[in-house]
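Produce the entire structure from the sequences given, and follow the hints as far as they go.
First to last, the sequence lines map onto chains A and B.
Going by our numbering, the letters in the first sequence line up with residues 523 to 717, in that order.
Going by our numbering, the letters in the second sequence line up with residues 72 to 1007, in that order.
The set of hints was computed from the structure by calculation and includes no laboratory data.
There may be inaccurate statements among the hints.
What the hints assert, rightly or not - Which stretches of chain A does chain B cover? Using the computed rule of at least three CB atoms under 8 angstroms from a CB of chain B, they are:
id : region
1  : 551 to 565
2  : 571 to 580
3  : 617 to 623
4  : 674 to 685
What the hints assert, rightly or not - The calculated lysine-lysine pairs, modelled on DSSO-like cross-linking and capped at a C-alpha distance of 30 angstroms, are:
id : chain 1 : residue 1 : chain 2 : residue 2
5  : A       : K561      : B       : K792
6  : A       : K684      : B       : K725
7  : A       : K561      : B       : K209
Quick reminder that beta carbons are idealized off the backbone N, C-alpha and C, glycines included.
Take a look at the letters that make up each chain.
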Amino acid sequence: MEGAADSDTPVPERSAADRAAALARLLHRDCTRLLELYKEREDFLSQHAPGGERLVTLALCPEAPSTAEQVGHVRSALRRCMELLECLIVREVEEMGEELQGEYESLRKTVKDRLGHLLHSTGALLENGEGGCPPSPPMQCIQGQDEVEASDSFAAKIWTYKVLLELIHWTDSASQTLHVFHTEKHGQQQQQQLL
Amino acid sequence: MQGWVTLALLLSLGVGCSLGQNGVGELPVPRGLTLNPDLPAQTLSLTWQSDSSLFDLEIFHTELMNVVLNETVAVKTDPVTGLHSWTWHSPLPLECTSHSAHIRARNQQSVSQWSPLQTIPGWDIPEKSESNMFPQDKVVPVGSNMTFCCIVKEKEDFKEIMYGRQEMSATRLSRRTYAITATNQPVSGNTGTNVICCSQRLTLTGAVVFVGYPPGDEGLVCETRDLASAECSWKKGRDTGLRMRRSRTKYTLNGRDCLEANERKRWWCSSKAWEQSWTLVARNPLGTVHLMDSAQLTDRVHLLAPVNVTAVEVKAWSATLQWSWSVAAYKKLEMVCQLQLFAHELNSTRNYSGPGLSSVVLESLWPDVDYTVTLYCGSKHGFWKWGDKSAPYRIHTKMDRPDALDVWMWMDSSNTGCVFWKPLSVRKSHGALVGYEVSQSSAEEDGWTPVSLPPGNFSYPIILNNGSDITVAVAARNPAGLSQPSTVTTPAYRADSQLSMSELLSTNGSFVLSWQPNANASSGYAVEWVPTGCSGLCPVDWKKVPESDSSFTLNSDSLVAGVRYTVSVYALSTGAPTLLQRWQGYSQEMTPSQSVRELLPNQSGSDVLLSWKATAMENQRGFIRGYTIYLANAAHLELIANISDPEVQSYRVKGLSLSSYKFVVKAYTSAGEDAGATVAIKMEMDTADMLFVGILVPLGIMFCCLILISICCYKKREWVKKAFYPEIPGPKVPGDWSSPQGPLDVKPSPHSLVHIVESPEWDFTKEGLFPVPEEEEESENDNIEVDADSDEPALLRYYNQVVGDGSHGNQVSDSSGSSNTSVDSTQTEITYAGIQSPTSSQGACGGGGYRPQMQSVIGPAEPQIEFEADFQDDGLHAGYKPQCSWQLDSPEAENFSGSLGSPTSVTSSQFLIPESSEEKPQPSNTWFHNFLSGKS
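Structural data, given as structure tokens:
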């Protein structure tokens, strides 16, 4: 995998921001593939896109003038995504059991693990909690059910689809923001070395 | 007055009765109609009060007032509540749209007024503006029909409803409600079947339906593994197709939840105590199954696998095996155990029994064999089933001395033979053999002479020195020791020719042998078979037969088709084997692989005697039953004889005419003919005919030809004369040759041409050649035209005439002047311009040019010197030199004719300079032209 090469190839003096950006890119590809697999299972999603509101927004967060603050905002969104993903896994395992172990289930676990690593990496980048948009209130999984506005299976499928869309969106945002963050940090370090 | 009042009352009552029976309004309208919907069940209960028992019901889809039910029902009053109640099952979810109902009482043909409409609102009312689909998450059996409705969001358009991937035809029920009906639904996938309601731009809403089967579990069986608890298992049966947790099958065993099945999806349940009867209930939303079983504990013992299996004592022929049990209660259980021994071609199963069996002695093992042991046990009393198998355990038995060898001796002559023995199988070798020991003894020698042979040997040659019998003992050796020796004494050699052998016919490729029992066969009989005529290392095989038998079937497995075998039966005793009978036969006859040999035709008059020889025995591949003779025509073979006696190896074909014939001779066995040998013969006449045809006829033809030629020559005699005896023209001498010539001014000619000029006189005083001016070449060529172009016979005749004249008295008489004579005789002077320089020509043969004229003037005393010079020059120059050698050879030659006709003859200018013929007009052309044109 190209993404694996990005993250696994030892690059001398590679910065933490660069590694986090690479991990975000890899995670973005994983999430995209996860949605493809979900669409293969629920083929109606390929033909008709459901409408509705976003599950994760930063509407309440203040403007983030600096890149570090933007990273903090993205991290907040990713934390919410992580909560949604964990809720999704609990629901699906509860409904379907654990005997189904296909590519979708395997990749779903991989995304969860890598998302945890990305949250840890971005947390380490923000030394003073800068860019601290207050994280969303802790989401109970039962609240996740409330998100779908109904408890029926079809609503749960739509909700799962939306969670995967949010994962794709915010991992993409994370990769871009972390790349900018890395570039700025790198530039600052070079200027300090020149001085 | 009272009478009118009474009449009016009666009339009013009569009219009222009649109206009550036939008109409207007489029956009381049902009161208090209420609608109670059961949404999940899609049922609508109607209750009302009325004194009647027969009612008309009507139910509508309120918005469009479509009647969905119009039925007359008989409903009695509930004695407890005093209400009438009736339930309607709606094919459509009641949420889909508002439903209204009213009711009226009926008494035969009279009905009451309709009760006021009662309505239950659907989800398509304006207050509920969102999109919805019903029913949600329904679980239905495979093959059922189902109606789904889609309530479209306010101000949203409707496009279609999809059932799975199938676009369905929708029916409009209200302003916002559309419905489809899925019929004969197939089983769903893992996450159910999606039903989607779509607008033009997005998915509005949807539902999931789970289509599957009721539980199909069967075959409940309970058993105990530890003689206390119970384990009940069953077969899952048909897959319900319902994967979601809410619709999975739930199991209870004797009323207790079966955690193993419900949580781990294993098709068994455990119970801590044994019960006499067991009931398993399997239930899912589509149905329930009850499975029953009952048994005594002792009848359902299923033992666990033995553990710690070990071999405590391993010998060559036996081993002791021990194991232990993980359940203490087994020690008192009367059990039966089964051991499976696996080895190469030595598999076996053995049974042992005893209380709490934990050790057995394995007898009848084979030495030096790898065994793999697997063990399992069961309850002996009320045997239920074999317990679990133990892990495989490997045992390798020790080696033992080999068994005695099967030995046989085969004599291929009166004093030579070979001892054979058969290789020992794994069962008989008891360990890898390291060699054989062969000992022999004879009457003349005391003791045994042992010889050790490597393990790959299976024969040993025997030579009888003085014809006395030899006894040979052969034993096999392995690391455990030496086998018992097997002895055999040389049988008396009996050549095939000394015996009257019978032909042995095979039966399905096998030989069925039988012989007269022999009293001397104290040790039985030996049947020996070997390819007939074999010598050297022959594949001798044998089989020893007990004394009681006098028959043996030699199977086709040990015989090769198309090979003739000599089969002998010997009587075995303490001494030498005695030959009882001998046969020859083929297990399967085949056509000969080669044709007859030395097929020769021999003509005798008009007959042809064909003779041949039979092919070698190894090529016969069957008993030769005879020969067939064919005459080969262009396309087929014509059978002309069938010789059924194989000893007859010739045939006379009679009465053949003079022509070419091709005969094919084929030998045949019972399997058919061979490819055939072919011989061709051309029939010729006998001597008298040959004399006539060969001599007289050609002579006659020759005479006829001569006569014709003579006649032709006579008639064309003029032409013949001119062609073969032309007039010889007289010499033409240009210029005045009477006066002596002065010294020559020789200059080289630019051309390598030979100029022949007629010279009436030859001046011997002149040395060198006479040069001729170039201007004279043409005229001189004209002069010599006849000579140069004469054909050889003419030239010879012409030459003879000239020589015979002897007109030149100045010729030298000695042989050295022969060249001069030759030149002179032609009265020509030959000039070679350009061949050599006239000045250098004085050097005679030293130059590479032409030199005979110079030699002609050299004195006869110098030939040897001239020869040596010439000889040396031969190696240096490639010029023309034959006259040099001729000069050497010719001094003693008196007869000129010896050089006549030779290319070296100076006289023949045509031979010397053939190039000139190309430059000059050739008279021969004229002659030839005349000949062709027929001119005389």
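| said: Taking the earlier hints as the rules, which of them does this structure contradict? | reply: 5, 6
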